[in-house]
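Enquirer: Chains as they are written, first to last, in my numbering: chain A, 1 to 410; chain B, 1001 to 1305.
Treat the hints as calculated values from the structure; they're not laboratory data.
The structure presented is a predicted model; accordingly, all values stated were derived computationally and were not measured.
Cβ coordinates follow ideal geometry from the N, Cα and C atoms, glycine included.
Be aware that one or more of the hints could be misleading.
[Claimed, not checked] Under the rule of at most 25 Å between Cα atoms (straight-line distance), these lysine to any residue pairs were calculated in the SDA-like manner:
#1 A:Lys237 to B:Ile1151
#2 B:Lys1280 to A:Gly222
#3 A:Lys237 to B:Leu1269
#4 A:Lys266 to B:Asn1146
#5 A:Lys212 to B:Met1278
#6 A:Lys318 to B:Gln1183
[To be verified] What follows is a list of derived Cβ distance ranges for each label pair:
#7 A:Ser299 to B:Gly1123: 32 to 38 Å
#8 B:Gly1162 to A:Pro133: 34 to 40 Å
#9 A:Pro220 to B:Gly1015: 47 to 53 Å
#10 A:Lys179 to B:Val1119: 54 to 60 Å
[Unchecked claim] Negatives, chain A to chain B, calculated, CB over 12 Å:
#11 Ser55
#12 Gly210
#13 Gly222
#14 Glu285
#15 Lys369
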Amino acid sequence: MDSQPIRLLPRRLAVGAAALSLLAASLFSHVASAEVNTTGLAVTDSEVTVGILHSATGTMAISETGSIQAERLAIEQINASGGVLGRQIKVVQEDGASDWPTFAEKARKLLVGDKVATVFGCWTSASRKAVLPVFEKENGLLYYPTFYEGLEQSKNVIYTGQEATQQILAGLDWVAKEKGAKTFYLLGSDYIWPRTSMKIARKHIENVLGGKVVGEEYYPLGNTQFGSLINKIKLRKPDVVFAAVVGGSNVAFYKQMKAAGVTADKQTLLTLSVTEDELLGIGGENMAGFYASMKYFQSLDNPNNAAFVEAFKAKYGKDAVIGDVTQAAYLGPWLWKAAVEKAGSFDIDKVVAASPGIELGTAPEGYVKVHDNHHLWSKTRIGEVQKDGQFKVVFESDLIEPNPFPEGYQ
Amino acid sequence: MEWLSEFGAIAAMQGFNGLSVFCVLLLMALGLAIIFGQMGVINMAHGEFLTIGAYTTFVVSSLTSSYAPAFGPYYFFFAIILSFFIAGAIGWLVEWAMISKLYQRPLDTLLATWGLSLVMQQGFRSIFGAREVSATLPDWLMGSWNPTEAIDIPRNGLFVMGLTLLLTALLFLMIYRSRWGLQVRATMQNRVMARSVGINTKRVDRMTFALGCGVAGVAGAAFTTIGSTGPTAGSLYIVDTFLVVVFGGASSLLGTIASAFSIAQAQSLLEFFTSGSMAKVFTLSAVVLILMLRPQGLFSAKVRK
Chain A
1 MDSQPIRLLP
11 RRLAVGAAAL
21 SLLAASLFSH
31 VASAEVNTTG
41 LAVTDSEVTV
51 GILHSATGTM
61 AISETGSIQA
71 ERLAIEQINA
81 SGGVLGRQIK
91 VVQEDGASDW
101 PTFAEKARKL
111 LVGDKVATVF
121 GCWTSASRKA
131 VLPVFEKENG
141 LLYYPTFYEG
151 LEQSKNVIYT
161 GQEATQQILA
171 GLDWVAKEKG
181 AKTFYLLGSD
191 YIWPRTSMKI
201 ARKHIENVLG
211 GKVVGEEYYP
221 LGNTQFGSLI
231 NKIKLRKPDV
241 VFAAVVGGSN
251 VAFYKQMKAA
261 GVTADKQTLL
271 TLSVTEDELL
281 GIGGENMAGF
291 YASMKYFQSL
301 DNPNNAAFVE
311 AFKAKYGKDA
321 VIGDVTQAAY
331 LGPWLWKAAV
341 EKAGSFDIDK
351 VVAASPGIEL
361 GTAPEGYVKV
371 HDNHHLWSKT
381 RIGEVQKDGQ
391 FKVVFESDLI
401 EPNPFPEGYQ
Chain B
1001 MEWLSEFGAI
1011 AAMQGFNGLS
1021 VFCVLLLMAL
1031 GLAIIFGQMG
1041 VINMAHGEFL
1051 TIGAYTTFVV
1061 SSLTSSYAPA
1071 FGPYYFFFAI
1081 ILSFFIAGAI
1091 GWLVEWAMIS
1101 KLYQRPLDTL
1111 LATWGLSLVM
1121 QQGFRSIFGA
1131 REVSATLPDW
1141 LMGSWNPTEA
1151 IDIPRNGLFV
1161 MGLTLLLTAL
1171 LFLMIYRSRW
1181 GLQVRATMQN
1191 RVMARSVGIN
1201 TKRVDRMTFA
1211 LGCGVAGVAG
1221 AAFTTIGSTG
1231 PTAGSLYIVD
1241 TFLVVVFGGA
1251 SSLLGTIASA
1261 FSIAQAQSLL
1271 EFFTSGSMAK
1281 VFTLSAVVLI
1291 LMLRPQGLFS
1301 AKVRK
């Protein structure tokens, strides 16, 4: 018990510090909560509540874990730098459990029960489609991080990943120009994102690049045997294999490609679906020399990214890797903060109205800007897989305008 | 003439692919053929026993590369043996704690083992993290073997093939040529009678279940060469596994082999001439049709009617 006085002192200090910061916060936010929040959101004089809605369990936890980590890191950094409109961000995290009805139910809980000012969440298109009616009915705001098929634009969603044309067209243009590619073999897992992406790719190859599609195929999600497919690739000898295989299939596909002797010195391959996260499972040595088309790679060489990678590793360990979607998820809280401060209000309608035109010069991927259509202007990069599981950036496009409803590509 | 030799090379590689898929299907189904086929237990957690093997290989691989790099080229054999014993031991525990209470209640077993599979998946996630991991494969397992310039035969495919042959032969000897196998078959045919002639049927059940799980562990270890290692990796195999065992006729090891062979060949050829998703549709339709005509599967135990 004689240690108590010693322990008391820091506690008093802590209480004092908390009181001081509260005082500072209320001084800083001259505006009363009633004025920045006219619709009954969970905003107090010192705090604003937001939601995180991802799968922490189930099959999608593989992919969504990185997004949760990035969003929490961004929120922590925003809080450390004074919060949003002088208010600290408080997080309510819900688990979508890789189950789409659960996503909808949890979205309703966050919007109706917790009255959150915004939600950062969802990964698959299926989960986004499941929560969309809830967000539109309850007038919530969702920041969605994944690169996706496009063909969607909601008042209640800000899309921080690339839509299909941004990711695909620049990649195809690059292989056509740099590798002189004329023939393409399109390949994907059998669901909406690969099918929509390949439809866009085919139009671009045939109508713009004047190339030829020599094969287009889809395999069921979770397929583990790619031997026949690899033989077909050998038979048709395409200049480029253009792949959007996902999940466990991804690992099986690249391991079997390597085992069948289809390696980078004999075959050019460009993928839309392998980030540093997936490479952990595939193993860099199984994919070395193949290319990926994304807006972000962990190895991007700029000061913003260096700081981001350092902070991420400090929080989650030195072996943590950052993929495209993880970086896009990191943008969410920052874009929201900028929009709220531009609007001077937490009201959803005002934040949405303020969002187009928001610029972020501090993004790890470089400069991004919110378009009127709620997607981001962004650059597309081509990364070459290295044995250590990282990418070497070999090409960088100009800033590309998002175009979720591309004419002539549907 | 050149296109002819190229056509020959593709045909050879495609033929090997059919055999390779056959071995993969057989390897994943062997453990279940013992548990479901011999014991009649529907083990929905079979895929997770595969995953145990895969994670065992990953752990051995990581330990080897950090503590004994010189052992690197050979660790795989050790990992396979260890996978067998770890998966077998966990299977033994599961039989003792759960399955043994549920004999004669197949539907409850189905639910209980499905629950078990969810618990195990979340367990993997808590221990190893949600992300996929990858064991570093020894060089001799990577890449391809080239009998001629145009033919690439995957080395991991050859390895899986050899392992499957070895394991199948061993299981045949154990079940059909050993005294223990005799006891297993006696217990499965008539439990009461077997007990009355002095067979410890509880022990036989436990050992059989553990053996089936151990074999699944070996399969899981081997599959790290061709597939992914993650918390839900096993669930990728579970449907095909049941398909093979049910189609083959539940109580016959020979049936399992024939079934794996025909499904693999159909799948492999259809994939080549149609596309991945269509091949699946055709194969599954054919299996359903044949099972409608022959509900007992391809091979069935002879029973007095």
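Enquirer: Find the hints from earlier in the document that the structure breaks and name them by number, from lowest to highest.
Expert: 6, 8, 9, 10, 11, 13 and 14
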